[in-house]
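Generate the whole structure from the sequences, applying the supplied hints.
Here the protein sequences line up with chains F and A, keeping their order. Taking numbering that gives the first Met the number 0 as reference, the numbering of the first sequence is continuous, increasing by one, and the terminal residue is 354. Taking numbering that gives the first Met the number 0 as reference, the numbering of the second sequence is continuous, increasing by one, and the terminal residue is 354.
Note that these hints are calculated values from the structure, not bench results. Glycine included, each C-beta is placed from N, C-alpha and C at the ideal position. Take these hints with a grain of salt, some might be off.
Stated by the list, open to error - Every beta carbon over 12 Å from chain A, so not counted as near; a handful from chain F, in silico:
| no. | residue |
| --- | --- |
| 1 | A17 |
| 2 | N24 |
| 3 | E165 |
| 4 | N176 |
| 5 | A188 |
| 6 | H226 |
| 7 | L275 |
| 8 | R289 |
| 9 | K328 |
Claimed, not checked - Below, simulated DSSO-like cross-link-like pairs (lysine-lysine); rule was C-alpha separation at most 27 Å, straight line:
| no. | chain 1 | residue 1 | chain 2 | residue 2 |
| --- | --- | --- | --- | --- |
| 10 | F | K251 | F | K192 |
| 11 | A | K58 | F | K59 |
| 12 | F | K59 | A | K59 |
| 13 | A | K27 | F | K117 |
| 14 | A | K298 | F | K58 |
| 15 | F | K59 | A | K307 |
| 16 | F | K153 | A | K345 |
| 17 | A | K298 | F | K243 |
| 18 | A | K10 | F | K58 |
| 19 | A | K345 | F | K271 |
| 20 | A | K58 | F | K10 |
| 21 | F | K298 | A | K27 |
| 22 | A | K271 | F | K298 |
| 23 | A | K43 | F | K153 |
| 24 | A | K271 | F | K271 |
| 25 | F | K307 | A | K307 |
| 26 | A | K153 | F | K43 |
| 27 | F | K58 | A | K59 |
| 28 | A | K344 | F | K271 |
| 29 | F | K43 | A | K10 |
| 30 | F | K344 | A | K298 |
| 31 | A | K298 | F | K117 |
| 32 | F | K271 | A | K243 |
| 33 | F | K345 | A | K271 |
| 34 | A | K271 | F | K243 |
| 35 | A | K345 | A | K153 |
| 36 | A | K58 | F | K58 |
| 37 | F | K43 | A | K117 |
| 38 | A | K271 | F | K344 |
| 39 | A | K298 | F | K271 |
| 40 | A | K243 | F | K298 |
Protein chains: 2
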Amino acid sequence: MADITIRDIAKAAGVSTATVSYVINGTKPVAPERQKRVLDVITKTGYLPNTVAQSLRTKKTNTIGILVEDILSFSVPPIINGISEYIENTDYRILLNDLRMLNSLYNRYDQIVHQGEKINQELMFLVYGAKVDAVIYVGMFDRDISGVIPNINKPVIIAYSTSEDEHTCFVTYENENISAEMMRYLINAGHEKIAVISGLEHTPPAQQRLRGVQRAFEEAGLLLDNHMVKNGDWERDSGYHCMKSLLGSAHKPTAVFAMNDLMAIGAMDAIKEAGLSVPGDISVVGFDNRDASEFVSPKLTTAEIDLKSIGYNAAQIAVEKLKSKNNGKNKIIIPSKMVLRETVKKQSCEWREQS
Amino acid sequence: MADITIRDIAKAAGVSTATVSYVINGTKPVAPERQKRVLDVITKTGYLPNTVAQSLRTKKTNTIGILVEDILSFSVPPIINGISEYIENTDYRILLNDLRMLNSLYNRYDQIVHQGEKINQELMFLVYGAKVDAVIYVGMFDRDISGVIPNINKPVIIAYSTSEDEHTCFVTYENENISAEMMRYLINAGHEKIAVISGLEHTPPAQQRLRGVQRAFEEAGLLLDNHMVKNGDWERDSGYHCMKSLLGSAHKPTAVFAMNDLMAIGAMDAIKEAGLSVPGDISVVGFDNRDASEFVSPKLTTAEIDLKSIGYNAAQIAVEKLKSKNNGKNKIIIPSKMVLRETVKKQSCEWREQS
DNA sequence: AAACAAAATCTAAACGTTTAACTATGTAAA
DNA sequence: TTTACATAGTTAAACGTTTAGATTTTGTTT
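In structure tokens, the structure reads:
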């Protein structure tokens with residue numbers, strides 16, 4: 000079953016190898032009886048064309064390289080899942096290359112930005128060494144990685160991260176609108192003293208999310224007091240400390256928007272530690288909808304990034320580009336959505352509204 | 000950079016293609032000056048050998064296929080991470096194929112056992128279609144999948160799952176000893192009325208873990224009362240219901256061993272709902288050390304499977320087999336270890352021991 | 001200097017496909 | 001009847017390597 004070649008099939012069917020090839024690929028018409036004869040031999044012998052030889056001849060590997068920064072990052076497996084789902088119905092395969100960056104990082108976000116050399120090198124390897132037709136680069140943070148992608152003559156799609164380079168394609172997710180939406184949700188629930196626990200403030204998602212917050216505040220005619228914005232570093236601990244400092248300040252918030260679930264959970268730790276209740280005394284919302292948000296108690300209200308769609312779309316663009324059905328500059332931003340759970344309470348101030 | 004061939008290098012260096020090949024692969028001695036000349040041209044031009052052509056000629060793809068049941072399963076990414084880590088220092092690549100089984104399953108464990116046909120088909124595709132040199136099959140449950148792996152003439156290593164077929168290699172993890180160890184830990188903490196919330200009782204891990212529990216009980220001269228063993232189905236809900244039924248029974252346990260973290264967390268839900276405290280009134284231990292166990296409150300004491308090692312070892316075996324440095328039947332069982340957190344309390348019965 | 005052996009290098013076939021260019025066959029138009 | 005022209009099929013060259021086996025070069029021994 001393994002070592003049958005097209006010549007064996009041709010001989011057994013009494014035709015030339017070209018005819019067999021035409022039958023297999025449907026590239027040229029073949030008389031029905033001969034077609035059947037060839038097909039019969041193929042099924043009888045279980046022949047499968049040698050893809051390596053095909054690739055050599057056609058200069059196409061039918062393989063898409065996926066370069067992931069770290070498969071252990073929570074956002075990466077769902078993205079790969081989305082890619083797989085799209086790819087499954089094509090004749091492409093996936094070559095996976097894991098940079099395993101988490102292993103080599105202390106402060107995860109800040110250092111990762113400077114890993115350009117390694118990324119560049121692995122990408123060149125994928126394209127010119129492993130001979131993939133296209134590359135999907137799966138970042139682990141939402142950030143601009145334009146400086147890091149080498150200029151190659153094959154499609155490169157960035158997933159999750161973004162690129163400010165005009166010609167680079169990416170598929171990322173929405174931050175600003177969803178943040179505004181969450182704020183509106185808190186405001187509509189009667190909250191006015193809302194605090195924000197930000198991620199590292201110089202990072203794109205932190206900036207975009209803050210912009211969303213500000214927009215919602217403006218729309219509601221509220222003012223976002225600077226004392227109500229604390230800067231964390233995306234980790235649980237920082238959420239805890241930011242919240243502690245908020246609790247110790249002059250005007251305590253009645254609601255907190257932490258820019259990711261980890262910090263939100265840290266904030267909940269601090270609130271509980273202070274003997275207060277979530278959401279009884281303070282409402283909390285996070286961002287990411289990580290598994291943890293369902294296991295923490297009470298369950299965390301948060302925002303969900305449609306990671307699977309990011310992967311699916313990236314794969315689709317890659318394949319379309321390979322089939323020349325798409326030569327635009329694709330810059331896709333997948334909408335995020337709220338997932339309502341148990342950490343937000345309606346602020347009981349109806350008497351005010353009725354007055 | 001992309002389309003330079005070995006012939007171009009040969010011409011530029013004034014040697015034959017054979018000599019260039021010998022220099023690149025070190026397969027035959029080449030005079031130092033010529034060697035340098037060739038190397039210079041290669042670095043100057045950035046030439047990279049065409050791996051497709053190499054594969055066609057040598058009949059080796061230097062690619063290991065990974066067939067995963069579902070990349071979304073919590074155990075899979077760390078296994079891939081381990082595989083990557085080993086592979087990184089070899090000249091092999093990874094072709095990933097995700098069966099995405101979770102998507103198509105209602106009751107996850109029971110149905111997955113019957114997915115044999117799809118597995119078989121994808122494996123054949125990987126080996127004979129995609130032309131990989133070896134396959135690592137990454138299961139999502141610890142179970143015997145021997146019936147499902149077709150007989151092919153290339154190395155197949157099973158990771159996480161196992162095989163009862165004598166000739167199949169696998170790398171899995173330890174259940175029985177670690178379960179006994181956890182029991183001993185509870186017993187040493189003074190617990191005697193210990194309940195067990197089992198996973199689906201006909202599954203290998205449930206059976207092995209129960210055996211460990213029984214062993215520890217016997218060693219301690221205790222008897223495991225049948226009423227103290229409840230059968231769950233690995234999901235959170237079932238842990239909750241099992242615990243409720245335990246709490247409503249005649250002799251309430253002072254400690255519970257849930258056979259995975261999800262059920263342990265469900266049990267904690269029930270305990271808290273009953274107005275009791277963990278671990279104040281009832282101690283709880285889980286299994287898997289999933290992320291959730293750090294986010295639940297109090298943090299869950301549990302057992303950790305060394306998933307990364309499973310992947311690492313599987314990759315190592317695969318590569319060794321490809322280099323003919325290993326032709327044994329590898330059946331590796333990676334030890335698991337306890338991770339102590341906050342859900343177990345020493346039972347205050349010192350007065351009894353002192354009496 | 002000749003004869004031989006060893007080492008270095010080269011030539012060309014092979015790996016298994018695809019496909020351009022050619023040939024053979026049948027059909028319609030002149 | 002010839003000519004033109006689709007249509008179906010074949011031949012053989014490529015794709016870019018590796019590697020036997022042939023050949024040349026170098027070194028050693030007489």
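Quick rundown of the hints versus the structure:
Listed as a non-interface residue, A17(F) keeps its Cβ farther than 12 Å from every Cβ of chain A; the least gap is roughly 19 Å. Every beta carbon of chain A lies more than 12 Å from that of N24(F), the smallest distance being close to 15 Å; the non-interface claim holds. Every Cβ of chain A is farther than 12 Å from the Cβ of E165(F); the closest lies at roughly 23 Å, confirming the non-interface assignment. For N176(F), the shortest C-beta to C-beta distance to chain A comes to about 27 Å, beyond the 12 Å cut-off, and the non-interface label holds.
Every CB of chain A is more than 12 Å from the CB of A188(F) (nearest about 24 Å), matching its label as outside the interface. For H226(F), the condition that its CB be more than 12 Å from all CB atoms of chain A holds, with the nearest at approximately 29 Å. The beta carbon of L275(F) is kept farther than 12 Å from every beta carbon of chain A, the shortest such distance being approximately 15 Å. With a minimum CB-CB distance of about 8 Å to chain A, R289(F) fails to clear the 12 Å threshold, and the non-interface call is violated.
No Cβ of chain A approaches the Cβ of K328(F) within 12 Å, the least distance being about 23 Å, so the stated non-interface status holds. For the given pair, K251(F) sits about 7 Å from K192(F) by alpha-carbon distance, which is consistent with the 27 Å threshold. Of the pairs offered as hints, the one joining K58(A) and K59(F) holds, with about 18 Å between alpha carbons and a cut-off of 27 Å not exceeded. Straight-line distance between C-alpha atoms of K59(F) and K59(A) comes to about 18 Å, which keeps the hinted pair within the 27 Å bound.
Simply put, K27(A) and K117(F) have alpha-carbon atoms about 32 Å apart, too far for the 27 Å limit, and the pair is violated. Annotation: proposed proximity of K298(A) to K58(F) is violated, straight-line Cα distance about 55 Å (limit 27 Å). This hinted pair does not check out: K59(F) and K307(A) have alpha carbons roughly 34 Å apart, beyond 27 Å. Distance restraint check for K153(F) and K345(A): the Cα-Cα separation of roughly 62 Å exceeds the 27 Å cut-off, and the hinted pair is therefore not satisfied.
Taking the CA atoms of K298(A) and K243(F), the gap is about 21 Å. The hint holds against a cut of 27 Å. For the proposed pair K10(A) and K58(F), the alpha carbon gap of about 23 Å is at most 27 Å, so the pair holds. For a cut-off of 27 Å, the pair hint linking K345(A) to K271(F) stands: about 25 Å separates their Cα positions. At roughly 23 Å between alpha-carbon atoms, K58(A) and K10(F) fall within 27 Å of each other, so this suggested pair holds.
Among the hinted pairs, K298(F) with K27(A) is inconsistent with the structure: their alpha-carbon atoms are about 66 Å apart, more than 27 Å. Simply put, K271(A) and K298(F) have alpha-carbon atoms about 15 Å apart, close enough for the 27 Å limit, and the pair holds. Restraint check for K43(A) and K153(F): satisfied, since their Cα atoms lie roughly 22 Å apart, inside the 27 Å limit. As the CA atoms of K271(A) and K271(F) are separated by approximately 16 Å, the hinted pair is consistent with the 27 Å bound.
A distance of roughly 24 Å separates the Cα atoms of K307(F) and K307(A); the hinted pair therefore holds under the 27 Å criterion. Restraint check for K153(A) and K43(F): satisfied, since their Cα atoms lie roughly 22 Å apart, inside the 27 Å limit. At roughly 18 Å between alpha-carbon atoms, K58(F) and K59(A) fall within 27 Å of each other, so this suggested pair holds. For the proposed pair K344(A) and K271(F), the alpha carbon gap of about 21 Å is at most 27 Å, so the pair holds.
Distance restraint check for K43(F) and K10(A): the Cα-Cα separation of roughly 47 Å exceeds the 27 Å cut-off, and the hinted pair is therefore not satisfied. Using a Cα cut-off of 27 Å, the hinted pair K344(F) and K298(A) holds, with the two alpha carbons roughly 25 Å apart. Of the supplied pair hints, the one linking K298(A) and K117(F) is violated, its CA atoms being roughly 37 Å apart against a limit of 27 Å. Between K271(F) and K243(A) the alpha-carbon distance is near 26 Å, which keeps this suggested pair within the 27 Å criterion.
In summary, the hint linking K345(F) to K271(A) is supported, as the alpha carbons are separated by about 25 Å, within the 27 Å threshold. At most 27 Å may separate the alpha-carbon atoms for a hinted pair to count; K271(A) and K243(F) meet this at roughly 26 Å. A distance of roughly 53 Å separates the Cα atoms of K345(A) and K153(A); the hinted pair therefore is violated under the 27 Å criterion. The straight-line distance between the Cα atoms of K58(A) and K58(F) is roughly 18 Å, inside the 27 Å bound, and the hint therefore holds.
A hinted pair counts as satisfied when its Cα atoms are at most 27 Å apart, and K43(F) with K117(A) qualifies at roughly 21 Å. Distance hint between K271(A) and K344(F) is fulfilled; the C-alpha atoms sit about 21 Å from each other, no more than 27 Å. Distance restraint check for K298(A) and K271(F): the Cα-Cα separation of roughly 15 Å lies within the 27 Å cut-off, and the hinted pair is therefore satisfied. Between the alpha carbons of K243(A) and K298(F) the distance comes to roughly 21 Å, so the proposed pair stays at or under 27 Å and holds.
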